[in-house]
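K.L.:
Line by line, the protein sequences give chains A and B.
Numbering of the first sequence is given in the UniProt record's numbering, commencing with residue 1 and proceeding in unit increments.
Numbering of the second sequence is given in the UniProt record's numbering, commencing with residue 1 and proceeding in unit increments.
For the record, the hints were derived by calculation from the structure and aren't laboratory data.
Treat each hint with caution, since some may be false.
Note: identical chains are not told apart, hence a pair may lie in one copy or across any two.
Mimicking DSSO-like on lysine-lysine, the simulated pairs with C-alpha atoms at most 27 Å apart in a straight line are [stated by the list, open to error]: (1) Lys33 to Lys128; (2) Lys114 to Lys14; (3) Lys114 to Lys33; (4) Lys114 to Lys128; (5) Lys79 to Lys128; (6) Lys41 to Lys14; (7) Lys114 to Lys79; (8) Lys128 to Lys14.
Each chain, written out:
Number of protein chains: 2
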Amino acid sequence: MKAQNELDIAQVSKLSGMPASTLRYYEERALIKSIGREGLKRIFPLSVIDQLALISLGRYAGFSLDEIAMMFSPNGRAKLDRAQLLEKADELTNTIQQLTAMRDGIVHVANCPKTNQLDCPRFQTLVKSAARKQLMEKRVRKTSHHQK
Amino acid sequence: MKAQNELDIAQVSKLSGMPASTLRYYEERALIKSIGREGLKRIFPLSVIDQLALISLGRYAGFSLDEIAMMFSPNGRAKLDRAQLLEKADELTNTIQQLTAMRDGIVHVANCPKTNQLDCPRFQTLVKSAARKQLMEKRVRKTSHHQK
DNA sequence: ATAAATCTTCAAGTCGGCTTGAGGTCAAGG
DNA sequence: CCTTGACCTCAAGCCGACTTGAAGATTTAT
Chain A
1 MKAQNELDIA
11 QVSKLSGMPA
21 STLRYYEERA
31 LIKSIGREGL
41 KRIFPLSVID
51 QLALISLGRY
61 AGFSLDEIAM
71 MFSPNGRAKL
81 DRAQLLEKAD
91 ELTNTIQQLT
101 AMRDGIVHVA
111 NCPKTNQLDC
121 PRFQTLVKSA
131 ARKQLMEKRV
141 RKTSHHQK
Chain B
1 MKAQNELDIA
11 QVSKLSGMPA
21 STLRYYEERA
31 LIKSIGREGL
41 KRIFPLSVID
51 QLALISLGRY
61 AGFSLDEIAM
71 MFSPNGRAKL
81 DRAQLLEKAD
91 ELTNTIQQLT
101 AMRDGIVHVA
111 NCPKTNQLDC
121 PRFQTLVKSA
131 ARKQLMEKRV
141 RKTSHHQK
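Let's have the full structure, built from the sequences with the hints guiding it.
P.N.:
Below, the structure is given as C-alpha cells:
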C-alpha cells in the first residue's frame, strides 16, 4: 500500500547501490530521513535517491559525513555554501598537485638507471619534499589508492 | 658510549619528525630495525633516517605499511620493483583524473547561477559519474583531504 | 494458518595506523 | 646511594564509516 513515489529500503538500496545497513546508518546520522513507516518498515521519498547521489559525491570529494550532514538544511534540501565549496576545491587542487609530483617521481624512479634508487638525486628530492609536507601539513592521509 | 653514526630513539624522532611511539610501532611491523641495545634502549643506524623518509613517501603515495614492508629486502635495502612502481603510478593517475573532475565540478557548482544546485545539469552529471564510479570501482576511499 | 522472506533494533566487531597509559628498568647526575 | 628522567613492554583505546549478528516483528506467499 505504498504510493508510487515512495520506496522501501530494498528499493532504495537497489537504486542507489548502497547496502541497507548503510542507509540505516545514514538515517541515524541524520543524512537522510525516512518519511514514515509501514508497520516497522521505513518508507523513503523518491528524493532520497538524489540525496544519496549527493552524499556519494561528497564522500568522493573527501567530505566527512559530518561535513555532509551540515550541507543539508533541516528540510533536506541541499544548501551548498559557495565559500565552503571553493575551499574544498582548493584542498583538492593541493592534493592533486602533490599526487602529481609523487606520480612523476615514481615514474622517474622506475626508469632511473641507478641500481640503488636511494642514490638517485631526484628520488632524494622527492623523498625529502614528501617528508617536509608531512611535517608541515600534518596531513592525516589514510588514503588508499588501491582498489582490488 | 654510542658511536657517532648511531642514534637513540630520541634522536631518530627529532631527525625524522616522527614520534617515538611510531618508531617502535614501525620496528614491530618490521619496517625498520634497531641495530642493538644499550641496556634496554634501542640503537638505530644512521641509515634509518633515509628509510623513514622512504616510508613517508610511500605512505604519502598511498602504499599501506604492509606494501612498504615488502619493498624492503631482508637486509633493509630498498628493492623497488619497476612494475609495482608503474602500477602505483597508474593508480595515482586515475585518482588524479577523478579528483580533477571532481574539483572542476565543485568549482562549477560554486559559480552556478541556479538557485538549487541539484537542478544544475552539470552538477547532475557530476553526481552521476561519481555514483557510477563508486559502484564500478568499489573504491574504498577513506581519504580525508582535510588537514587541521 | 503457517512458514518464509523481509524488515526491525541494538550492541559489538572490523580495519589501519597509530597513541596512550600503567607499571617496570636502567644509566647518569647530585 | 638514590633520585630523576629517558627509555622500555604490553595491552588497550581511538578514529571514521560502516558491517555483522543475534533476536524479534511483520508482511507476503503458499
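K.L.:
Have a look at Lys33 and Lys128 and pick one of within, between, both or neither, based on CA distance no larger than 27 Å.
P.N.:
between (48 Å within a copy, 21 Å between copies)
K.L.:
At most 27 Å between C-alpha atoms: does Lys114 with Lys33 qualify within a copy, between copies, both, or neither?
P.N.:
between (59 Å within a copy, 25 Å between copies)
K.L.:
Is it within, between, both, or neither for Lys114 and Lys79, if the alpha carbons may be no more than 27 Å apart?
P.N.:
The answer is between: 12 Å across copies meets 27 Å, while 54 Å in one copy does not.
K.L.:
For the identical chains here, do Lys128 and Lys14 meet the 27 Å Cα criterion within one copy, between copies, both, or neither?
P.N.:
Between. Shortest inter-copy distance 15 Å satisfies the 27 Å Cα cut-off; intra-copy 47 Å does not.
K.L.:
I want to check one pair: Lys114 and Lys128. Are their C-alpha atoms no more than 27 Å apart within a copy, between two copies, both, or neither?
P.N.:
within (18 Å within a copy, 45 Å between copies)
K.L.:
At most 27 Å between CA atoms: does that hold for Lys41 and Lys14 within a copy, between copies, both, or neither?
P.N.:
Classified as within; 16 Å inside a copy, 57 Å across copies.
K.L.:
Can you tell me if Lys79 and Lys128 fall within 27 Å by alpha carbon in one copy, between copies, both or neither?
P.N.:
between (41 Å within a copy, 19 Å between copies)
K.L.:
Taking 27 Å as the upper bound on the Cα-Cα distance, should Lys114 and Lys14 be classified as within, between, both, or neither?
P.N.:
Intra 52 Å, inter 30 Å, cutoff 27 Å: neither.
The structure shown violates just one earlier hint, number 2.
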